[in-house]
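J.: Chain order of the listed sequences is A, B and C.
Note that the UniProt record's numbering gives residue 1 to position 1 of the first sequence, counting from 1, and the numbers run on in steps of one.
Note that the UniProt record's numbering gives residue 384 to position 384 of the second sequence, counting from 1, and the numbers run on in steps of one.
Note that the UniProt record's numbering gives residue 141 to position 141 of the third sequence, counting from 1, and the numbers run on in steps of one.
Calculated from the structure, these hints are not laboratory results.
A couple of the hints might just be wrong.
Partial selection, computed: residues in chain A whose CB lies under 7 Å from chain B [what the hints assert, rightly or not]:
{"#": "1", "residue": "Asp120"}
{"#": "2", "residue": "Ala122"}
{"#": "3", "residue": "Ile127"}
{"#": "4", "residue": "Tyr132"}
{"#": "5", "residue": "Ser133"}
Simulated restraints on C-beta separations [claimed, not checked]:
{"#": "6", "chain 1": "A", "residue 1": "Lys207", "chain 2": "B", "residue 2": "Lys363", "range": "29 to 39 Å"}
{"#": "7", "chain 1": "B", "residue 1": "Arg398", "chain 2": "A", "residue 2": "Lys207", "range": "31 to 41 Å"}
{"#": "8", "chain 1": "C", "residue 1": "Val319", "chain 2": "B", "residue 2": "Asn222", "range": "51 to 61 Å"}
{"#": "9", "chain 1": "C", "residue 1": "Val121", "chain 2": "A", "residue 2": "Arg198", "range": "31 to 41 Å"}
{"#": "10", "chain 1": "B", "residue 1": "Met405", "chain 2": "C", "residue 2": "Lys216", "range": "27 to 37 Å"}
{"#": "11", "chain 1": "C", "residue 1": "Val121", "chain 2": "A", "residue 2": "Lys207", "range": "42 to 52 Å"}
{"#": "12", "chain 1": "C", "residue 1": "His181", "chain 2": "A", "residue 2": "Ala10", "range": "56 to 66 Å"}
Backbone N, C-alpha and C define an ideal beta-carbon position, used for all residues, glycine too.
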Amino acid sequence: MSIIVITILALCAIGVTAAIILFFVAQKFKVYEDPRIDEVEEALPAANCGGCGYPGCRGFAEALVKADNIDNFLCPVGGAPVMSHVGAILGHEVKAAEPTVAVLRCNGTCENRPKTNQYDGAPSCTIAASLYSGETGCQFGCLGLGECVDACNFDAMYMDKETGLPVIIEDKCVSCGACVKACPNHIIELRKKGPKSRRVFVSCVNKDKGAIAKKACDVACIGCGKCVKECPFDAITLENNLAYIDYNKCKLCRKCVIVCPTNAIHELNFPPRKEKPTEKPTAASVKPVAAPKAEVKAEEAPKIEPTANDDTTENK
Amino acid sequence: MLKTFSLGGIHPAENKLSASSAIQVLPIPETVSIPISQHIGAPATPVVKKNDEVKVGQLIAKSSGFVSANIHSSVSGTVFKVDDIMDASGFRRTSIIIKVDGDEWMETIDRSEDLVKEISAGKEEIIKKIAEAGIVGLGGATFPAHVKLSVPPGKTAEVLIINAVECEPYLTSDHRVMLEKGDEVLVGTQILMKALGVDRAIVGIENNKPDAIAHLTKLAGNYKGIEICPLKTQYPQGGEKQLISATIKREIPSGALPIEVGAVVQNVGTALAVYEAVQKNKPLFERVATITGKSLKNPSNWKFRIGTPVKDLIDAAGGLPEDTGKIVGGGPMMGKALTTVDVPLTKGSSGLLLLPREEAVRKESKPCIRCGKCVSVCPMGLEPFLLMVLADKKAYERLESDAVMDCIECGSCSFTCPANRPLLDYIRLGKGKVGQIMRSRK
Amino acid sequence: MNTKVLVAPSPHVHSGDSIQKNMYGVVFAMLPALVFSFVYFGMGAIIVTLTAVASCYLFEFLISKYLLKKVPTITDGSALITGILLAFNVPANLPIWIILIGALVAIGIGKMTFGGLGNNVFNPALVGRVFLLISFPVQMTSWPKPLGFDTAYFDAQTGATPLALIKEGLKKGEPLSQLMHDVPGNMDLLMGNMGGSMGEVAGIALLLGLAYMLFKKIITWHIPVAVLGTVAVFSGILHMSNPEAYAGPLFHILTGGLLLGAIFMATDYVTSPMSNKGMIIYGIGIGLLTVIIRVFGAYPEGVSFAILIMNAFVPLINVYVKPKRFGEKRK
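Model the full assembly from the supplied sequences, consistent with the hints where possible.
T.: In structure tokens, the structure reads:
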């Protein structure tokens with residue numbers, strides 16, 4: 001009997017002593033952490049994508065709490081709502097940032113951009129890009145090995161087997177920029193999502209001279225400068241034989257889309273144009289390109305429209 | 001027991017199909033495209049413009065720094081344009097395109113075939129002449145030759161090593177040069193010795209070229225201080241570090257240059273070019289290359305003018321075989337696959353290999369079975385299997401600590417891997433990234 | 001489409017070596033031992049081998065197709081090796097259902113759990129074998145005597161292995177010199193005239209396999225030599241210290257599947273170190289552990305355990321034992 005009592009007492013004594021020691025040790029070695037870090041982390045989407053440039057959501061939360069002004073911080077996944085929530089926690093005013101989305105600036109499908117050789121090395125865009133100019137005559141365009149798709153943490157991209165190009169699923173894209181960093185040719189760009197996801201952009205990054213670019217790819221920007229002249233808002237710049245539309249200045253009037261002789265300028269998610277059948281040939285006839293070719297272009301134009309629509313249907 | 005290097009190595013099928021074919025002279029084409037970047041280092045600056053008349057051997061692009069090289073016209077005619085064209089590097093780069101008209105040489109060039117043994121030029125003058133002639137390492141690396149000859153202060157050269165190994169399978173241009181231009185090569189070697197101030201030179205030749213060994217050994221008796229050193233046939237013996245290890249049993253520490261162990265290595269073709277530049281005043285505008293391939297009608301060796309399209313060389317050897325799957329500029333181990341036959345031949349073109357499609361296409365990559373064969377063949381004592389994984393996972397710090405920068409890109413690992421893993425592709429990628437990081441740190 | 005030229009980074013040629021070539025090379029090297037086992041154990045050996053191989057293939061196929069949802073890679077020959085090695089490691093009269101369990105454990109737990117060929121930490125055949133040894137000790141240690149070709153499967157005469165005989169005898173306090181009369185002589189051991197598992201008995205056939213694999217450069221000498229050398233040295237020291245308590249080195253090498261382990265199982269690509277230095281350390285470890293388990297442990301036989309324990313150290317060896325780098329300063 002006494003053995004049992006002694007055992008119980010001894011164990012209790014050990015327990016109490018250990019508890020006391022632990023208490024003091026915990027006091028002694030306590031690390032102070034701003035409780036707001038936890039709160040902020042709670043508010044973040046916990047995707048740990050690194051799109052903000054910090055190591056995971058916790059790292060971002062620490063940086064946010066430390067910062068005096070969080071205007072320059074943006075969680076690309078959560079966007080404005082999350083940032084305003086974070087601002088509320090930290091007592092900062094937050095301006096609403098425009099949502100952005102990844103945009104592929106290359107339309108060099110197998111059809112538009114015939115292959116001149118066959119890449120047989122390790123399936124990595126970076127390796128191919130450091131080796132040579134790629135499987136086609138265009139040394140700037142998409143290499144089609146899908147490194148961006150591998151980089152995407154949100155299943156927002158896939159390789160289209162028909163075209164050989166990656167496709168961005170707009171609804172899933174959180175604009176974290178992982179694909180932008182992954183692409184060795186810098187084809188993908190984060191652009192303003194635009195009202196109702198309507199966007200106008202040059203779907204080409206070819207800086208070669210017009211003739212070379214056109215030979216390599218039917219839908220390359222040849223740097224003719226027509227769009228620059230046409231744009232009423234000075235939103236288009238031409239540099240190194242390549243047009244670029246500044247999404248902050250673009251008012252989505254779509255005039256550039258019509259004048260582009262190679263259909264390199266894309267419009268997304270717009271309702272179908274009414275006057276298109278009449279306007280397209282007139283625009284085409286202005287071009288110095290031979291007439292039959294222009295007709296081919298006009299026929300091709302509707303082909304691009306459905307792809308744009310496909311994107312939207314996919315999103316829904 | 002023949003000498004060879006200390007670690008690893010492989011012995012791929014030699015396939016020296018064109019070894020018995022004497023060097024022929026390739027006809028001058030109608031147009032040549034001479035890239036302004038045919039060497040390691042800064043591209044040269046063009047000094048001619050459209051419609052300029054040029055002669056053979058005239059300077060058309062000037063060296064733009066210490067590590068750079070002059071470029072001379074290989075033909076006489078009119079400059080058609082200076083434009084970006086696809087070259088052997090796989091990228092569109094600036095080239096000087098010249099329409100050929102006749103074959104008028106610069107008057108300064110001594111066109112006679114007589115052997116000039118007497119070396120009248122002094123040390124400084126030799127190096128200056130070599131730099132002016134735009135001579136680069138003709139083994140394939142194309143490192144400007146005068147840079148190697150300018151020994152940095154505090155270091156002394158003890159021995160000159162002539163790389164006559166030609167360890168790449170298929171290639172035979174160096175082999176033929178040794179047989180047909182043996183004396184010129186040895187005089188060139190003596191010039192290089194004089195430029196370096198050394199009294200000993202070793203010519204390393206693999207023993208799969210017994211005729212070249214015998215021929216040069218016989219000739220070397222007439223030249224002071226030149227030894228011919230037969231080596232066991234083993235790839236990559238032509239690598240600078242491997243050749244030094246094989247001939248003088250010294251290992252260059254990681255990240256150091258050969259001069260660290262008192263050696264300077266020059267290719268046998270470079271020695272010939274040096275002879276021509278110093279004794280004959282002839283700049284580097286032509287060289288010898290092998291055109292070869294199992295299906296090719298006539299594997300052979302040709303002396304060509306720089307800037308000649310690859311296509312001309314192929315046509316001269318019997319035309320592009322039907323089954324060609326890959327056109328490789330250089331040897332099969334370290335050469336560069338070309339995208340078209342329109343690219344020009346350059347100073348670095350030591351050969352052209354037409355691989356049948358069946359042989360060229362890579363087999364499917366399987367999971368690593370950890371057999372360790374890549375480790376045992378690596379001549380630098382690295383662990384390719386590990387470096388590949390680290391490069392793929394972007395673990396650049398560990399790549400650096402596992403000495404990825406020591407890799408000489410010989411391809412022994414990829415060649416050996418039973419699982420057909422693209423080891424070198426990824427290692428090269430990692431090497432590039434680590435190199436960037438290291439440079440940005442400075 | 002096929003007319004386009006290929007472009008890839010160098011090298012542009014390949015040695016032509018492949019996983020299959022290496023795997024089937026190992027299988028070829030195992031053939032002499034297989035033939036010996038058929039001759040010694042008759043029908044039983046054939047049934048056991050066929051069952052083990054077929055079930056290994058089947059399990060690998062099913063697991064990779066339905067669980068991992070990958071394209072099955074059974075043609076690489078690794079399942080064949082696992083099957084034969086598993087058969088080599090069990091008695092020739094083992095009931096079929098036990099072999100099936102062994103194959104399932106070997107492939108399912110030993111290999112596919114880790115992601116298939118190239119990723120497993122432990123030698124699959126040994127995982128299966130040790131699992132069976134622990135789970136079915138009776139069936140796994142009743143060794144049929146090699147009586148020449150015999151069509152009987154279940155009712156074969158059984159007997160203990162030489163190592164077990166000695167272990168039992170020493171436990172009873174009998175002197176070793178007495179016991180050595182009961183076990184076969186060295187020549188018999190080499191030729192396989194002893195009780196034991198299917199593949200371990202014929203030392204001469206195993207050595208033939210080793211010679212073939214070395215000749216074909218499938219393996220290097222480092223592991224087998226390190227294992228056998230260590231066992232010889234360590235057991236030799238023990239034997240010299242007390243010849244009455246510890247058997248001699250030759251006896252240790254020729255018995256208890258040491259040759260089988262050192263030649264075919266310790267040298268498994270996936271579960272052995274990558275560098276030559278590492279291989280030697282790994283081999284020495286196996287040798288030491290084998291003798292320790294045999295002499296001081298409860299089991300008469302220790303090769304399997306020794307190899308499995310050293311398998312666990314392989315990742316560590318790979319991290320800390322690096323090959324000598326070119327240009328590295330020698331001390």
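J.: Of the hints stated earlier, which fail here?
T.: Result: hint 9 breaks, nothing else.
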